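*Asks:* Please model the entire structure based on the sequences and the hints provided.
For reference, the chains in residue letters:
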Amino acid sequence: MMDYSDKVMDHFENPRNVGEIEDADGVGQVGNPSCGDIMKMYIKVDDDNKISDVKFKTFGCGAAIATSSITTELVKGKTLDEAKELSNQAVAEALGGLPDVKMHCSNLAADALRKAINNYLGIETEEEDDFHCHHQHG
Amino acid sequence: MERIYMDNAATTATDPTVLEEMKPYFTEVYGNPSSFHSFGREARDAVREARDKVADLISADDAKEIVFTSGGTESDNYAIKGVAEELKDKGKHIITSSIEHHAVLHTCEYLEDKGFDVTYLPVDEDGLVDPADVKDAIREDTILITIMLANNEVGTIQPISEISEIAQENDITIHTDAVQAVGSIPVDVNELNVDLLSLSGHKFHSPKGIGALYIRQGTRIEKYLHGGAQERGRRATTENVAGIVGLGKAAQIAGQNLEEKQAKITQLRDKLIDGILEEIDEIKLNGHRTKRLPGNVNFSIRYIEGESILMKLDLAGIAASSGSACTSGSLEASHVLLAMGLSAEVAHGSLRLSLSKYNTEEDIDKVLNVLPEVVSDLRAMSPIYNQD
Numbered sequence: 069m070m071d072y073s074d075k076v077m078d079h080f081e082n083p084r085n086v087g088e089i090e091d092a093d094g095v096g097q098v099g100n101p102s103c104g105d106i107m108k109m110y111i112k113v114d115d116d117n118k119i120s121d122v123k124f125k126t127f128g129c130g131a132a133i134a135t136s137s138i139t140t141e142l143v144k145g146k147t148l149d150e151a152k153e154l155s156n157q158a159v160a161e162a163l164g165g166l167p168d169v170k171m172h173c174s175n176l177a178a179d180a181l182r183k184a185i186n187n188y189l190g191i192e193t194e195e196e197d198d199f200h201c202h203h204q205h206g
Numbered sequence: 004m005e006r007i008y009m010d011n012a013a014t015t016a017t018d019p020t021v022l023e024e025m026k027p028y029f030t031e032v033y034g035n036p037s038s039f040h041s042f043g044r045e046a047r048d049a050v051r052e053a054r055d056k057v058a059d060l061i062s063a064d065d066a067k068e069i070v071f072t073s074g075g076t077e078s079d080n081y082a083i084k085g086v087a088e089e090l091k092d093k094g095k096h097i098i099t100s101s102i103e104h105h106a107v108l109h110t111c112e113y114l115e116d117k118g119f120d121v122t123y124l125p126v127d128e129d130g131l132v133d134p135a136d137v138k139d140a141i142r143e144d145t146i147l148i149t150i151m152l153a154n155n156e157v158g159t160i161q162p163i164s165e166i167s168e169i170a171q172e173n174d175i176t177i178h179t180d181a182v183q184a185v186g187s188i189p190v191d192v193n194e195l196n197v198d199l200l201s202l203s204g205h206k207f208h209s210p211k212g213i214g215a216l217y218i219r220q221g222t223r224i225e226k227y228l229h230g231g232a233q234e235r236g237r238r239a240t241t242e243n244v245a246g247i248v249g250l251g252k253a254a255q256i257a258g259q260n261l262e263e264k265q266a267k268i269t270q271l272r273d274k275l276i277d278g279i280l281e282e283i284d285e286i287k288l289n290g291h292r293t294k295r296l297p298g299n300v301n302f303s304i305r306y307i308e309g310e311s312i313l314m315k316l317d318l319a320g321i322a323a324s325s326g327s328a329c330t331s332g333s334l335e336a337s338h339v340l341l342a343m344g345l346s347a348e349v350a351h352g353s354l355r356l357s358l359s360k361y362n363t364e365e366d367i368d369k370v371l372n373v374l375p376e377v378v379s380d381l382r383a384m385s386p387i388y389n390q391d
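For the protein sequence lines, the chains are C and Z, in the order given.
Residue numbering for the first sequence follows our numbering, starting at 69 and increasing by one per position.
Residue numbering for the second sequence follows our numbering, starting at 4 and increasing by one per position.
Calculated directly from the structure, the hints in this document are not laboratory data.
Please note: incorrect hints may appear among the correct ones.
Listed next, with one range per pair, are the computed distances between beta-carbon atoms [as the list claims (entries may be wrong)]:
1. E81(C) - S41(Z): 56 to 66 Å
2. P167(C) - D273(Z): 32 to 42 Å
3. P167(C) - Y361(Z): 48 to 58 Å
4. E112(Z) - D71(C): 43 to 53 Å
5. N186(C) - K287(Z): 51 to 61 Å
6. E153(C) - I387(Z): 28 to 38 Å
7. T293(Z) - S120(C): 51 to 61 Å
Chain C is nowhere near these chain Z residues, computed Cβ spacing over 12 Å in every case [unchecked claim]:
8. D55
9. S62
10. H105
11. N173
12. N196
13. P210
14. L228
15. K294
16. E348
17. Y388
Covered stretches of chain C (chain Z as the covering partner; in silico rule of three or more C-beta atoms under 8 Å from a C-beta of chain Z) [claimed, not checked]:
18. 72–85
19. 94–103
20. 120–128
Computed from a predicted structure; not experimentally measured.
Glycine residues also receive a C-beta, built at the ideal position from the N, C-alpha and C atoms.
*Replies:* Set out below in structure tokens:
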């Protein structure tokens with residue numbers, strides 16, 4: 069078993085904001101089932117350009133579920149500009165760190181969120197052409 | 004919380020009787036078996052007795068055919084490198100399967116770097132090697148066939164006697180990695196008709212760090228460790244006397260009523276398999292339904308990922324394993340499941356539950372109680388699961 073922090077275990081055992089938003093303003097998905105991770109984020113955006121609601125669905129390991137969960141907590145109530153600044157690195161830090169092997173493969177929740185925001189803003193996001201399971205996000 | 008251990012393919016608990024048998028060999032009978040005096044002789048006698056017991060378990064003709072090693076990985080390395088080194092002037096081609104343990108696969112890859120040529124045979128959807136494929140793969144320069152007796156992930160038992168017949172007809176040395184099989188099913192080196200066979204103690208209730216390589220008399224193989232005259236000069240180093248005694252005792256215990264124990268574990272296994280199939284939909288049993296180790300259960304559970312399943316089970320006190328990339332540390336899904344034709348996605352959702360003589364009916368009931376909820380929780384979270 070991976071050596072996960074208490075915070076990761078907490079978010080894995082009690083994931084926050086799981087589910088779908090039927091009338092979402094933006095939806096974003098990253099990952100690939102053959103790599104073992106898919107994260108899907110749904111956002112509602114209010115008149116002040118703030119994220120009023122956010123939900124996720126994730127197929128993946130413990131780290132994938134925990135990073136998705138904490139990402140929803142970190143961005144709820146934030147403006148889109150603030151939310152877009154969230155990095156995968158910051159998500160990992162908020163969880164008290166992730167095991168090294170998880171940093172690049174299962175830590176994509178911020179990317180999923182950014183895709184959801186871009187989807188809301190009408191910005192085309194490049195389709196993932198990365199079929200090797202070695203994401204290298206800076 | 005009472006915990007349930009269902010990862011016996013990884014390792015087993017040391018039998019308390021085995022431990023008792025070993026104890027005197029640390030503080031009382033501590034002589035070096037190579038020593039002349041009575042301390043040495045006592046240790047030597049103990050090693051001899053243990054060798055007889057291991058030979059008995061696999062029906063070897065002569066105890067001299069047993070070489071003690073540090074375990075399965077070493078036995079595999081010894082067998083493959085030893086034959087390759089000894090016969091390299093005769094040929095440089097080795098035949099193996101694509102679902103071997105890494106102890107075999109990585110040793111073969113090492114030899115490829117050293118100029119050997121290796122054929123990795125495919126398997127069918129149940130994980131079986133076709134003996135006809137072995138026959139077709141044989142070349143003039145083939146020196147070794149190494150195919151496992153039973154697979155560690157999916158439990159499929161290979162038709163080794165059929166394959167060894169082909170090896171014999173072509174005068175090719177044959178090795179089998181029987182690490183998962185020995186102690187679990189009857190293993191007879193003459194019935195299997197193999198030249199070399201690897202076994203490991205901690206898979207059948209001896210401590211870790213001790214195993215053996217069976218070397219049929221007359222088999223051409225290079226020495227493994229150079230030094231003293233231990234193990235008839237084939238593997239130098241002062242014997243791990245207590246470990247060897249433990250392996251001997253574990254072999255003796257394993258051999259007693261083996262078929263009865265096998266039947267009992269098989270019954271538990273089938274209850275677990277049938278129960279899971281009944282409780283959970285969109286699930287696939289990996290490995291052959293009947294040509295299968297008594298203690299092996301391996302399922303692919305669609306739409307969810309293996310590490311998450313293991314974590315949820317662990318939190319509920321159930322220890323299992325998975326072929327998911329996330330649990331291997333390598334980012335690759337199980338090479339065994341992929342070779343059996345599963346997609347990476349489905350391989351990621353695999354769960355292995357492996358039983359031993361210590362598992363009970365209550366353990367099975369507990370898993371059947373916990374697992375369906377774990378699966379439905381994770382599926383409810385999965386973006387690729389359609390709840391409708």
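*Asks:* With reference to the structure, classify each hint as holding or not holding.
*Replies:* Each hint, compared with the structure:
1. E81(C) - S41(Z): 56 to 66 Å: holds (60 Å)
2. P167(C) - D273(Z): 32 to 42 Å: holds (37 Å)
3. P167(C) - Y361(Z): 48 to 58 Å: This hint is violated: roughly 31 Å between Cβ atoms.
4. E112(Z) - D71(C): 43 to 53 Å: violated (29 Å)
5. N186(C) - K287(Z): 51 to 61 Å: Roughly 37 Å apart at Cβ, these two residues miss the hinted range, so it is violated.
6. E153(C) - I387(Z): 28 to 38 Å: Since the Cβ atoms of E153(C) and I387(Z) sit about 29 Å apart, the hinted range of 28 to 38 Å holds.
7. T293(Z) - S120(C): 51 to 61 Å: holds (57 Å)
8. D55: Its Cβ never comes within 12 Å of chain C, the nearest being 40 Å, so this holds.
9. S62: holds (39 Å)
10. H105: holds (17 Å)
11. N173: holds (39 Å)
12. N196: The assertion about N196(Z) holds, with a minimum of 41 Å to chain C.
13. P210: holds (22 Å)
14. L228: Label holds. Min Cβ-Cβ 34 Å, cutoff 12 Å.
15. K294: holds (29 Å)
16. E348: Its Cβ does come within 12 Å of chain C, the nearest being 4 Å, so this is violated.
17. Y388: violated (8 Å)
18. 72–85: holds (count 3)
19. 94–103: holds (count 4)
20. 120–128: Three-residue rule met by the segment 120–128 of chain C, so holds; n is 4.
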